[in-house]
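Let the sequences and hints guide you as you build the complete structure.
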Amino acid sequence: MLKYIVQRLFSLLPILLVVAIVVFFLAHLTPGDPVTVLLGDEASEETKAELRKELGFDLPLYTQFILWFKGAILGDLGDSYFLKMPVTQAFFEYLGPTLSLAIISQIIAIIVALVLGVLAAKKRGTFMDQAVMGISLFGISVPSFLVGLFLILIFSVQLQWLPVAGYRPLSDGLGEHLRYLILPAIALGMMQAALIARMTRSSMLDVMKTNYIKTAKSKGLHPNKITFKHALRSAFIPILTVIGESFGTLITGAAVVETVFNIPGIGQLIVNSIERRDFPVIQGTVLMITVTYVLLNLVIDLLYGVVDPRVRLNQRK
Amino acid sequence: MKKRTKLISVLLLSALLFLAACGNNEASKSGSDSKEATINKDAELNIAYPTNLQTLDPHLTTNQSTRDVARQIFEQLLTLNENYEVVPMLAESYKVSDDGLTYTFKLRQGVKFHNGEEMKADDVVASMEKWMKTSTQGKANLSGAQFVEVDPYTVELHIDKPSLIVPFVLADAAPFPAIVPKESVEAAGDTGLTEYIGTGPFKLEEWKVDQHIHLTRFDEYVAREDESSGLGGKKEALVKDVYFRIVTDESTRVSGVTTGQYDIAFEVPFDSADQIESTDGVTNVFDEGGIATYVFNKKSGPFSDLKLREAFNTALNAEEAMIAAYSDDRFYTLDSGLALPNQVNWHSDAAKEKYNIGDIEKAKKLVEESSYNGEEIVILATKDYTDQYNLAVVAQQVLESIGIKAKLDVYDWPTVQERRVDPNNFDMFAMTFAVRPTIHQNPFLDSKAEYPGWTNSEKIDQLLVDIKSASSFEDAKPLIDELQTEVWNYLPVAKVGNIQDLVAVSDDVKGYKNLIGPILWNVSKSE
Chain A
1 MLKYIVQRLF SLLPILLVVA IVVFFLAHLT PGDPVTVLLG DEASEETKAE LRKELGFDLP
61 LYTQFILWFK GAILGDLGDS YFLKMPVTQA FFEYLGPTLS LAIISQIIAI IVALVLGVLA
121 AKKRGTFMDQ AVMGISLFGI SVPSFLVGLF LILIFSVQLQ WLPVAGYRPL SDGLGEHLRY
181 LILPAIALGM MQAALIARMT RSSMLDVMKT NYIKTAKSKG LHPNKITFKH ALRSAFIPIL
241 TVIGESFGTL ITGAAVVETV FNIPGIGQLI VNSIERRDFP VIQGTVLMIT VTYVLLNLVI
301 DLLYGVVDPR VRLNQRK
Chain B
1 MKKRTKLISV LLLSALLFLA ACGNNEASKS GSDSKEATIN KDAELNIAYP TNLQTLDPHL
61 TTNQSTRDVA RQIFEQLLTL NENYEVVPML AESYKVSDDG LTYTFKLRQG VKFHNGEEMK
121 ADDVVASMEK WMKTSTQGKA NLSGAQFVEV DPYTVELHID KPSLIVPFVL ADAAPFPAIV
181 PKESVEAAGD TGLTEYIGTG PFKLEEWKVD QHIHLTRFDE YVAREDESSG LGGKKEALVK
241 DVYFRIVTDE STRVSGVTTG QYDIAFEVPF DSADQIESTD GVTNVFDEGG IATYVFNKKS
301 GPFSDLKLRE AFNTALNAEE AMIAAYSDDR FYTLDSGLAL PNQVNWHSDA AKEKYNIGDI
361 EKAKKLVEES SYNGEEIVIL ATKDYTDQYN LAVVAQQVLE SIGIKAKLDV YDWPTVQERR
421 VDPNNFDMFA MTFAVRPTIH QNPFLDSKAE YPGWTNSEKI DQLLVDIKSA SSFEDAKPLI
481 DELQTEVWNY LPVAKVGNIQ DLVAVSDDVK GYKNLIGPIL WNVSKSE
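For the record, the sequence lines run as chains A and B.
Using the numbering used here, the letters of the first sequence correspond one by one to residues 1 to 317.
Using the numbering used here, the letters of the second sequence correspond one by one to residues 1 to 527.
Keep in mind the hints are simulated off the structure, nothing from the lab.
Since the model is a prediction, treat every value here as computed from it, not as a measurement.
Among these hints, one or two may not hold up.
[As the list claims (entries may be wrong)] Below, in silico cross-link-like pairs of lysine to aspartate or glutamate (EDC-like), each with a Cα-Cα straight-line distance of 20 Å or less:
hint, chain 1, residue 1, chain 2, residue 2
1, A, K48, B, E418
2, B, K383, A, E275
3, B, K208, A, D172
4, B, K139, A, E46
5, A, K48, B, E450
6, B, K133, A, E46
7, B, K139, A, E45
8, B, K208, A, E93
9, B, K234, B, E85
10, B, K459, B, E482
11, A, K84, B, E205
12, B, K448, A, E46
13, B, K299, B, E450
14, B, K208, A, E275
So, in C-alpha cells, the structure goes:
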C-alpha cells in the first residue's frame, strides 16, 4: 500500500516537468506582456524597456525558465507582478472560495443525483425514469453560466431573496457564507448532478440484475434495505469515479461561474492573470492544479478499496 | 409510502422557510430605505466597477481603473474645473515668471496626509520627481524640468522652454502627479508605490486585489474654501465608506444595481439602458467618455498614401458608424473637434466640412487617384472592447463599399497592443481616446510620441510647438484652429464622434458627477 503511494507520487515528477515546460513557454510566447498592462496604453517604449529590464525580461527565455523551475522545485513559485504577494500564497488564498463552492455544489449534486438516479433505476421504464433522464439531459446540455444567469434573474432580481453576486468568507458566519454561495453552487452542481445521476442509474440497473440481489429479494428483505445497503454500495465504484473526476472539474473549471457570480476563486485568478499576463501566477497556478489533479486521482483510487473490499490494493498482486 | 411523503414535505418546507427567511431580511431593509430620505453620513457607497486594477500608483499608468480609484485618495498641485480650466488644489496659488521659465507654487498650509503628517515642500518635490520618471506627458512637455524646495511651503518648477500647457500637464488626469509623502516615494519598488497615502477626502482602508477596494472618509481632511467645480474647489466626503467592488460580468453589474446591491454601476452595456430606465429607483447617467477614431498606419502600407486616407474619410458616414458601435444617439454626439465642445480653451470646429461626408462616389474617385493596388487592408481589432470591435466592422464595410479589400485581424487586447507596435502588422485600427486636459496629450499627433500609426507631419509638430509657445489662449486660438484644419488635411486619424459612458446610479445617491472619471466626494446617500 505504502509502496504504491510512493510510486504514484514519483510518477508525478515527469508530469510536472512536462506541464512546467508547456505552460512556461505558452505563457511567454503569447503576445502581450505585463509591462504594457501595468503602464497603460500610452506609455513610451523607453519607460517600458526600463521596467522590462528591472523585471528580468531581457534575459534569454531559457535562462528565465531555468531560474523559475529551480525555484519551483524548491517550493518558490515566484511573486505575482500585480497581487504583491508570492504565488503560493495567492493560490491558497483563492483556493478557499473555490473549495467552498466546489464542496457545496458537490454535496448538492450528490444528494440530488443519488436520489434521482436510484429512483430512475427502481422505476425503470416508467414516466418517472424518463423524466429523470430528461432532466439530466437538460442538465448536461445547458451551460452553467446560463443556469447561473437564470437563477440570478429569478431568485435575486425578481424574488430578491438572495444577493446577485459576491462572496463572503466563512469568517462572516456560515449563513452569510451560504447565502452568497448557494446560487453559484446550484449553477455549478447541475451538470455534475446530471452526470452522477446517469451513472447511478445505469450502475444500479446492472447491480439489480445480479443474483445476490435476487437472493436478497427472495429472502424477503425490505426493498429499501436492498436498494441502499446492498445494491447502492456495490454500484458505487463507477459512481465514485464520476464524482472524483467531477470534483476535479469543479475546482478547476469553475471560472465561468466564478465570473458570473463574482467569486474570487482559482478560476477567476487564472482568467485575470492571463488577461494581465501575470506569468508567475499563470505558471504557478497551473502547476498547483496539476498536482491537485494527480493527488485527487490517487485519493479516489485508494477510496475504491474502502467502498468495495473486493478491490483492496494488496490483493492485486 | 406515507412515511416517505412526510419526509419530502418536511424537507420542502424547511427549504422554503430558509428562503423565506433570506427574503424577509431584504424586504425589511428596503422598507426602511424608502420611509425617510435624509442624508446618512454613515452610509456605505457600493460601486460595481468593471475592471481589475493593476496598480494603485497614479504616477505609473494611464489605465482608467487606476485613475478612477486613485483620484479619490490622492490630490495634485493643480487640477481641472468643470470647464477643463486649470485651478489650484494642493497649491494655494501659483505664479509664472515673465519669461515663462519658473513656476512658483505656494502650498496650502495644514494639509494632512492620511498618516497624520503635514504635507510639505519636500514631499512635493519627491512626488513630482517620481511622476516625471514614468509620465510620458511630463517628459515630453516639461523639458529639463526641475522641482526645487524654496521653503517648507514653497516649491519652484524650472523648465528650459516656456509652454502654455505646463499647468495642464500638471493637472493631467492619468498618469496624474499625485502628492505622496517623501517616505512613500523612497519605499517604492520597480512596480510602483507600495503604500498608498494621499491627502484626499477618502483614505485607503483595504485593497483586496480582484475583489474590492475599500475607502473610508478621512476625518482630518482639510477642504478648500472655493466653490466646488469639476475636480477643483471644496471637497467633502459625505459617505463613510466607499467600496469599489470589481464585477467584471456586465449583466451581473446591471442586475446588482437594479436590485439595490450596488448604488452605482459603471460601464453599463448600452442594451441595458432601457431596462435601467424602466426600473424604479435607478437612473441612467451619461459620462463624457472621450473621442472615437480610426487610426491609420502612415508609415507603411496603402494608408501611407494620403489620397487613400482621404478616400476612407470621404466614404465614412460618421453617424452610421456611431450607431453601429453605440446603438443610439443617447450614447454619442457628432462633432469634428479633437477636444470636447466644453473644453472651452481647446475646442475648434475648423474644417468641419471634412467630417462626416459619406460620399461613396467621390471616395471611389480618390481611390483611383491613389496608389492603391488591390492589396488587402488589415484592420486590427479586439473583442475585448465591443464598441471598438463594431467600429472595426464598420471600417471593413466602408472599405469594401469603395472597392478596397479588407479583413479583420482579431486578438485579445494585450496581443493587439503588442502587434500594433510593428507597422507591418496592420493598416488601421479603431480606437477611443479618453478626454485629456490638452490636445497635445492626444498621442497620435506628435511625431515624437511614436504612437502606433506613426504620424509624421512637420506642420502638425510645428503647430503643437507654436501653440505651446503662445502667451495666452487668445493668441493660441488661431493656431488651434489651424492645427484642427491640418489634422483634417493630413488625417493622422479619422475622427468618428464623441462617446458617452453609461453609468447607472441609484436614486438614493445624490450629487454624482464626472470629469474624466467619476467624482465621489460631495456625493451623498439618503437612507
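Violating hint indices (sorted, rising) | none
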